[in-house]
Amino acid sequence: MITADVIYTLQSPDVTYSSGSKESIAKKVLPPDLADSESLVFVSKPDQLEKALKASSPIIVAHKALTLPTDSKSTFFITHSVQLAMATILPLFDGKMNRFNQETKIHPQAFIHPTAHLGQNVSVGPFAVIGEHARIGDGATIGAQVTVEAYAQVGALTILHPQVFIGAYCEIGAHCEFHPHTTIGADGFSFAATKDGTHKKIPQIGKVVIEDYVELGANCAIDRAALTETRVGRGTKMDNFCHIAHNVVIGQNNVMAAGFKVAGSSKIGSNCMFGGDAAVSDHITICDKVIIAGRSGITSDITQPGAYGGYPIEPLRDSLKTLANLSQLTRIRKELARVVKHLGLNEE
Amino acid sequence: MITADVIYTLQSPDVTYSSGSKESIAKKVLPPDLADSESLVFVSKPDQLEKALKASSPIIVAHKALTLPTDSKSTFFITHSVQLAMATILPLFDGKMNRFNQETKIHPQAFIHPTAHLGQNVSVGPFAVIGEHARIGDGATIGAQVTVEAYAQVGALTILHPQVFIGAYCEIGAHCEFHPHTTIGADGFSFAATKDGTHKKIPQIGKVVIEDYVELGANCAIDRAALTETRVGRGTKMDNFCHIAHNVVIGQNNVMAAGFKVAGSSKIGSNCMFGGDAAVSDHITICDKVIIAGRSGITSDITQPGAYGGYPIEPLRDSLKTLANLSQLTRIRKELARVVKHLGLNEE
Amino acid sequence: MITADVIYTLQSPDVTYSSGSKESIAKKVLPPDLADSESLVFVSKPDQLEKALKASSPIIVAHKALTLPTDSKSTFFITHSVQLAMATILPLFDGKMNRFNQETKIHPQAFIHPTAHLGQNVSVGPFAVIGEHARIGDGATIGAQVTVEAYAQVGALTILHPQVFIGAYCEIGAHCEFHPHTTIGADGFSFAATKDGTHKKIPQIGKVVIEDYVELGANCAIDRAALTETRVGRGTKMDNFCHIAHNVVIGQNNVMAAGFKVAGSSKIGSNCMFGGDAAVSDHITICDKVIIAGRSGITSDITQPGAYGGYPIEPLRDSLKTLANLSQLTRIRKELARVVKHLGLNEE
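Residue numbers (our numbering), protein chains in the order written: chain R, 1 to 348; chain V, 1 to 348; chain L, 1 to 348.
Derived by calculation from the structure, the hints in this document are not laboratory data.
Some hints could be false.
Since the list can't tell identical chains apart, any single copy or any two copies may satisfy a pair.
[What the hints assert, rightly or not] Derived BS3-like pairs: lysine-lysine, alpha-carbon spacing no greater than 30 Å straight-line: (1) Lys267 with Lys201; (2) Lys96 with Lys201; (3) Lys28 with Lys45; (4) Lys195 with Lys267; (5) Lys64 with Lys200; (6) Lys22 with Lys200; (7) Lys201 with Lys105; (8) Lys267 with Lys321; (9) Lys22 with Lys96; (10) Lys51 with Lys96; (11) Lys73 with Lys54; (12) Lys200 with Lys267; (13) Lys51 with Lys201.
Just chain R, same shape as in the assembly:
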């Protein structure tokens, strides 16, 4: 429950007070379709605004392109980006950190090795394991049943949700958030073939380094390097089920949708976006500012910023044509047969 005044007080460049009482109270946040008389509502289209007004929603955050009524009892804020307005206001309604409430910051049923170093105000949940010489930064939150192995590091204010695994020697930055069942620092997949057909394991003695402000979804896996490091750059965000193989280096501020996979030793620049289930082969280099459509398969370097798609990869516009023409393939085959017959040519 918040008052309009709390939003006003944020003085965010992304949310500007427009009109109405600063005493208005919103008990929850609802989408326009479900707006009611107790809800804050974000609106970007005229019909959404209409729904919120009809429901007498107490606080309405509207895109600046909308025309606001002058006779409404609602309190209005305007924004140049509804997404940014949500990122600004929703933390006021987010009870996430309450999940980690416990009577003592360090749960008595956690196991913390005596040589581990915990910063100020660290929270450790029940049945979590912090290994020898591991270091946990100030204000970090280690969920229930998490393992942070020996010599691993977790930065300040980072949140590890329950059941996350951080392998030995791996380094996690500050302000990161990893969701359950994500695995950092399993061995890279590397075997040497022998003459008798068996495969001999090549030990993976490197680590994983994850920079600040990285978010990883649930059930992701980032493998440790063979010798040096697998790296994920500052501010990169990954959805569930992403797979990052050993020695991969990923730059900053990338966004990877669910099921993204990249094979060993590839390098990805910064400010890229990858659609769901897109995959990158091994030893590939992708430059900055590349946008990749879902399901694309990247098997050669990308050296020019831009949008791409398909498998094999093409400029996005071409790949969409290829996709569209796929369903013409049966017709094409038949028509070609007709032409060949018409010309009296032999089938080859």
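Guided by the hints, dock chains V and L onto chain R, whose structure is given.
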């Protein structure tokens, strides 16, 4: 070990007694190829029946279309559906619940918050965590190392296998079964782009609601909604590695094979089937009674019941032709070049 | 930190001493690009050798095809396979087992059922669960928060990293290594359709058998059989996110890259390789010595050894042509239209 009489006593509409002694004893269940003189065998084809007879299997459950011998010492049951007969009889041989045996229903090494509410006859395994104000229904089984976060609810008789995660505020119905490493209620993937290229997290303050009789395989992930709820309808079944993004609404009695993915805010009807690795884009609507082939990519609404496949999606029959013609593509290209040359046209 | 003498003492057929002091000391291992005066370096190309020499790396392991200098202070070993040399030497630098160090082999906060049987020198981490009548072989390592359910078996010297799940009755061989969040023995996906549209679960009363020397990556899932067993043969290696459905039988020494999936009851031979995201339909048989390109979809039996790719599958050479021609599809469609028009044929 059961007697034929135990099956008889079930009085199931799917399994009818035909002939033979009700004292016959089966110690195990084997497929026809491995049938022996101690096994119950399900048979749907004449050669399978022959194998079971040759092995002198004590109990044979046969499809009604088969002609049964009159001179056999085996006990026969008949069924209109071998699958339904298996669903009816195999529970008699299933020791699954024995896995959760322990001296006390609540393992002394579990952590249960004092404000959590546990129904009658609830089982909680070692190192499980039940958060504050969480509610566990009568007869539910919470496996080892499970986390049920604050304010989450788990319905009566539901089974959470070890290492499952149920996030705060999520609601799980009755008679559900979730396999290990499945994540319910990780954050939806949602970020607002800023001018400096960084991405600001949009808090996900919604929840996940899973209705009764839902089964989820191992290593699945169902994200919580941005504001309201992600929902999976009654009786829907998912195989391993399924990904359900935020705000998705899935109807009843659907079946999703392994690796099924659906992106944010899509709506799926009831009584649909999805093959392995099929994927649905965001904000898509799919009506009831749709069958989707494996690997299909659904990027537009489906409004008519029926079978579909491919990427982009086509009616199944057409998509199979497209697939078949794909391997003709090289020949088509060459033949077209030959025609162009024959006609004296220039390549363009 | 090792001396060259330690490598010499291995007397490995894959690493032969060539020249230089056996007292040379390497503190670490680095790739040629990062070589320094304290590092052992593996080199397979002339420019890599040059880098290592320039950096005065104390120990250089070179492919036998390279010409070694006679005036260097480095110590040289030669090898017929740099990969095998890495598999031989890197264990000397691998601190993996240190992760599992603890004051007592059995951590006091583990739960081990009184009827479980642990061999000699078994290590069990904090919050691990070993169920009733489970058997753990000599020298096995059971990581933190692992569950080994009732009657399951784990072979000698096998390593289960933290948070692995081994289901009841499953049998894991010796010398195996499974990475975090891998699930062995979840139920196969099997339901009987009823007339009212609901799905009745067919209990999965079989098990999983994994033979010796199998390695599984993080977040894999291998389902238990319906009646008998799902089997993975000796020496097979799988990367992260592999899915093996019920009743599947996989032979020996196979290599599966990340995201490999195989549906129910299929049989895969030995000495095969599968690229990333390759998938096999149900009830398929694949013979020995088959190589499958990444992303391939196998929907029919493969009876001849060789390399294949595509969806549908073709011999690899053909599938590469099909892929290449895909991006010609738009041009093909246009050119064919031009031909049809030129000939005065009607579009059909």
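Against the structure shown, which of the earlier numbered hints fail to hold, in ascending order?
none
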